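Chains A and B supply the protein sequences, listed in that same order. Residues in the first sequence are numbered from 1 upward in steps of one, following full-length UniProt numbering. Residues in the second sequence are numbered from 1 upward in steps of one, following full-length UniProt numbering.
I should point out that these hints are in silico values taken from the structure, not numbers from a laboratory. From a predicted model like this one, the values you see are computed outputs, not experimental measurements. Misleading hints may appear alongside valid ones.
Unchecked claim - Capping the alpha-carbon separation at 30 Å, the derived lysine-lysine pairs in DSBU-like fashion look like this:
#: 1; chain 1: A; residue 1: Lys468; chain 2: B; residue 2: Lys121
#: 2; chain 1: A; residue 1: Lys465; chain 2: B; residue 2: Lys10
#: 3; chain 1: A; residue 1: Lys53; chain 2: A; residue 2: Lys322
#: 4; chain 1: B; residue 1: Lys85; chain 2: B; residue 2: Lys14
#: 5; chain 1: B; residue 1: Lys14; chain 2: A; residue 2: Lys465
#: 6; chain 1: B; residue 1: Lys121; chain 2: A; residue 2: Lys465
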Amino acid sequence: MDVTIVPPIKPDDSPQAYPDTEKANLPVFTMNYPRIQIPFEITLWVLLASFAKIGFHVYHKITIWVPESCLLISIGLIVGGIMHSVHEEPPAALSSNVFFLYMLPPIVLDSGYFMPTRPFFENIGTVLWFAVVGTLWNSIGIGMSLFAICQIEAFGVQDINLQENLLFATIISAVDPVAVLSVFEDVSVNEQLYIVVFGECLFNDAVTVVLYNMFNFVAEMPVVEPVDVFLGVARFFVVGLGGMGFGILFGFVAAFTTRFTSKVREIEPLFIFMYSYLAYLVAELFAISSIMAIVTCALTMKYYVEENVSQRSCTTIRHVVKMLGSISETLIFFFLGVVTVTTEHEWNWGYILFTLLFAFVWRGLGVLVLTQIINPFRTIPFNLKDQFGLAYGGLRGAISFALAFTLPENITRSIRPLIELINVRRTNRNLDTINVEIHCRLMEHTIAGIEDLCGQWSHFYWKDKFMKFNNRILRRILIRDSRAESSIVALYKKLELQNAMEILDQVSGDISAAPSIVSLYEEKKTSAKPKKKFMAADLRNMHDILSKNMYKIRQRTVAYTRKNALPNDSQTREILIRRHASIRRSLRPGSFQTAAVPRSHKYFSLPAGKSLDSKFPPQRLSYTGKPLKPPHLSLSRFKVRNTLFHTVFNIAYSVIKHFEFKVNLLAFSTAFDHISLPFSMSGTCSGVYLHIVPDLH
Amino acid sequence: MSDFSVEQIKNLHKRFEQLSGNEETISRENLENIPALANNPIRRQIIGAFFDKRNQHQNEVGSFEEIGFEQFLMVMSHFRPPTLKTTEEERETMRKEKLRFLFNMHDTDNDGTITLEEYRKAVEELLSKSGAIGQEAAKAIADAAMLEVASTNVPHMAPDDFYEGITFEHFEQILKGLEMESRMHIRFLDVDTTTMHCGRSTS
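Excised from the complex, chain B in its bound form (with noise of 0.2 Å):
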């Protein structure tokens, strides 16, 4: 949270207090009011992400009713680039915040485990706009994906193994190329540009 310079939060403020309207805090509707998002196939996920006790870094679970600015900007955080002077072990702290806020985005039981119920809505939210895929195809897909985190993390199984669900490190571990502190992050700007906008209005 300390990494943001003081315009960036300047804005982040603004535009917080535009999505609650000019209250202390937002709720879940401010955010699903939000016309941008409508079209965004997981934004159920995101907007849960926001309430998400798990994203506070408190070690507390279990949703918020609510959220106020420090919260909304601790959700944020995850979403800052690295910097050249960001070193070996802050890149990779970076990484595992990014990884763990995917992670709870899926893991909607708090259990620790994504099971492949879970992994199937998970496939099925993020192909549901993207034309007429049947849920039998969303599922078989669920299921090949479930199928190679096992056979990477788990290669030898013996015939009575049941694979539980996917646990954090074998979610690491098969997102492990993605180099993610540098692709998950979004360019937090300096300016105001909620002003700068001719027909963008977000209310």
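Same shape as in the complex, but just chain A (with noise of 0.2 Å):
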């Protein structure tokens, strides 16, 4: 008997449980939510985070009183209030699993990527000591004290022992990059200082990791040996040194890959990111200090990297490590101010007035104490300005968040007035000129030569030591094209190519928005070609459109000339007249120098080896109908007229009014968007000392 299962057949007037199979309709409109939720949610809160990173700016005088880390707080108090109320919960992806492997990341890779190597290196020896031992001090300080205090029956806080204080101490006196640097920067204090703070954040996170382990460890054990105690100091170098290792590790392979990488050039910017991002995996892999990691990762690869790769992956890289860092930056204020109001706290005002205190006392003692030890040491002494600075800025936590189960107070008093209050030494950032980086390598050069007539050494003699071990040995291995390059010339190239673009960007700014197409194919195939030249490819290039456009200028600002009708410009028609009058000049019986003097002189930009007249015709004719002979620059005098800005302001001029340029000048304009230079001048500015061996906004 064969048992069949048919649905049960009610009459006809009740609903069915199965729905006919005849007629339904095509559902024109449907709604599918639960698919999309979680990449959708994520997007929303990353976009309403922007928005209100957009919004602060808008008035801008709120973000000098406040920092911006503050009123993002804010508003995620109030979007978390907003939430609370509707009885929502907050985002359960925040956890901090996510917030390490995710969040984290980004932002120190951004802190690491643009460091200035050159002080950091001078400097590092109080870097380590304020973060070794410094952090030692405030953990064990902060730890001791806060539990003397719960020993006061008044605050109700008995049931936590001595490991749980320590282990909170230890949490809040980690100084946390992400708050400290963004208010930092702004302000731009000297340099010194802001080295020394960001270093400190860098590696007390190796401490820190040890001491939070060691803790943690140590909490469930009734009795301390002083074997656990070494093997604390152990388990610290070898988070420390493991850390760094892995970073260099990591370092040298990205920086090897990308010297195969000439034909893949749309996916350069991949490698520095996956493989910074698996040193930082990696060593949380292990346990070590993934921060180290990934910081010296991006150091390391950084100098060779950006040798090897086109410059629009060079551009493109800065931009996205800049662009991820300011996200995560963002998201993680916001998301504190959403998770303090939406989770449940045990607010204990006295314990947490006290840690406040506390912090305050120790750091400030700590500074103070550590900063007298090791002044003497120093060549440049810190003044009680910036051990007030030190001590400040180190209070902030922003990472501790993730770590604690109550949420320490964040101190809404900003940092950037109290900074000018006080006056702490400024430093002008804007040193990105040829003289200067002329002169500082000058002045190393000569103090390196005193230092070996007095036959006494100090990092000039390592630094030394280590570049031209870079020079014969590394370089080789690790760039595709070799050749020892000084850091003024890669200056000048920049400035070059910076200073053109500017330019042109201010006239025409719709041109960059440029079909990337024909720079792509222009890339190509210049890159076909076998780099022999001293100058690359793109440079090369570059140099051939200015000399083209410059020529055809000439010509048509003489025609200008002769028609009278002069541009509504102002700066425009100072140029002119400028370059009438001095052609004007060079029409004098007595202003034809000697031939002695190469027509390339007046063209910076022409490359080396080639002149004027390999590609043009060398008459032209002037408004009166002769021949003309450029003006020439003479030896003994310098005529500003002829510059390199002026004639690439004509090319502008010459775009504004005549569109025959535009696929040219299109092409090259594309190739480079806002290179931002303070921090890659230092980066490939001096090269490395021998005590960490690695590599700019």
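Take each chain as given, in its own frame, and dock them per the hints.
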């Protein structure tokens, strides 16, 4: 007997369990929220945080008094309040795992990639001193005092024992890179201070990890033996050095990989991100300091990679690093606010207030004592104001939020007006001129020479040694085209390009919305040719274009003076007048200098060895119809008129009037975006010291 | 000169005797024979600075043939670092001194300005050890640097003006942000390191 199961057939007037198979109309409009829920919500949160960021900058005055981080937290608080009142839960995605694996690496990568290497290594001793000893001092000091407070019955927190207090203190005393640097960078305090605080942030991660694990472990043991202390110290070295080791390893591998990517330019930036993230994850795998791993990876990589990759990839990398760092930072602060309101906390006001008090006291004491000890070893000692900056800057903590179960109260007073008030020595960051670069190098060589003369050496000696090692061995292996290139030349090239771009951008902002196809095509063409010349193919391209255009413009501007149709723009008029005058003067009898001066002198952007004549007819008609010789640059006098800037300005002017050059100019104008110079310069500027072996917004 | 400690002066004196072969004075050959200096791209200028009368702060010009220990120390004193006790005016003076030292290194013909030729030569020498950089490129860089100086210091030049050369004031202006007093210094050691080296014999 076969049994068939048949759906129950109900009478027609009641709803059927299974709908008819006959007529179901095609649904015109459906919605499937659960499918996209997670990515959708993430996107919305990111957008919301970014809108907040945009909003702040509408009112510029706010950001002076209150740093962005605080504003973001307050917006987060508001949103959290809204969510709480509606009894919504905060995004469950915000666990400490998400924070440490997804949100923290971009920020640290950002700081590490743009770190000024030269001052960092000059101050490495101080940095380590503050990071290691300072953190120990702070954690133990705060932990002990809090424990003492806990003994007092009035506060009702007697259940927190010593280990837990120490644990908490470790978390609190971790100087946090996220908040401090964003503010410090804004104010541009003096470089020494910045470097020491920044370095401290990075290195004390190693200390904090060790202490945290140690206290965690020890909390479960009844007795602490000296062996454990020894093991703790050993673990610290493993954590610190291991982190650095992994970072350097991955950095070198990344540099080596980019040596072979000349045919796959589009994915070059990918390697940077993948390798640094890999370094981070592998370090996390072995529970060693991942922050140090990713920072050393970025440092090592940057120097070699930026020579191997194309200009566009370089720009892309920098831009994306900055973007990711910015997004992560924004999100973190935002969520800080949201979670504060929506999760359950045990607010014990007494405990919290005392935490703050002790944090202040111990940090201040610590900085004072440590500075006293280390100042004699520093060539530029910290004065009292610097020490205040050090102490105050070290107090903010956002990373600690992920580790703690009670949120420390965020200090709302802003740091910037305080710094301005006490007039902490500021540093002038705009040091990216050729003169400064030249004199920096001159100074270094002079000092190194004098040191050799005196028979006394300091870090310049080591730097020299490392540079030689670098040039002879490392660069051969890791860089595709390993000619030793002076930083002065590198800077010069960069500046030239940047200036050209800036001027073009100013005058014709729309041009940068260009057919990228054209530039990619150009690059493919030029990258196929072997790069034997001194200047890169991109540069040569630009030079060709510039010299072509300069020739045409000269004709054009002459034409304009003939027709008396001067432009409205007063600057371009000035240039025309100057050019006019120079042309006139060049026609005067005595002004034709001897042919000893090659004409390429005047055009800084001509490739080495080429002269203007090689491509273009030598004679041009002047407004009087006579053949015109280009004005010479005499050896003993320097005529400011015939400058690169003015010629480029002429190009720009002609672009407005005549869009014939559109294709050519578009080709190279899109090749460059906003190149952030300051940190890149210092990265390539001086190389590295022997202490640690590695590699600018 | 009075800012050197006794130990530092003793060490420097020992070094002086080493360099001079226990004589009273040092000549250029003594300094040129230092092997460690051979790789320095600007060693000529550094050596020249020791024999430059302008660095002795006695308002003389020209150069010495040989120098004694006092002049040696005088040149070294340009490289002292500032301490916590240095006042603002002292820092200013230090800065000027160090800038003047660098300026004198460029201004080889003693006319008070760095002309384009002199600058070009300096840049060429500086880049001479860094690989195959052509003379043209070095010249281009020097030209661009001069341009920068001109455009920062004399922004409104009339079409008929020439820019003669960098004067000391302009030089100061362009290097304003560099914090010379804290960057251009040597740490003079109190301990005698010449006897502590292994394998670094400098005759």
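Which hints from the list above does the structure break, by number from lowest to highest?
-> none
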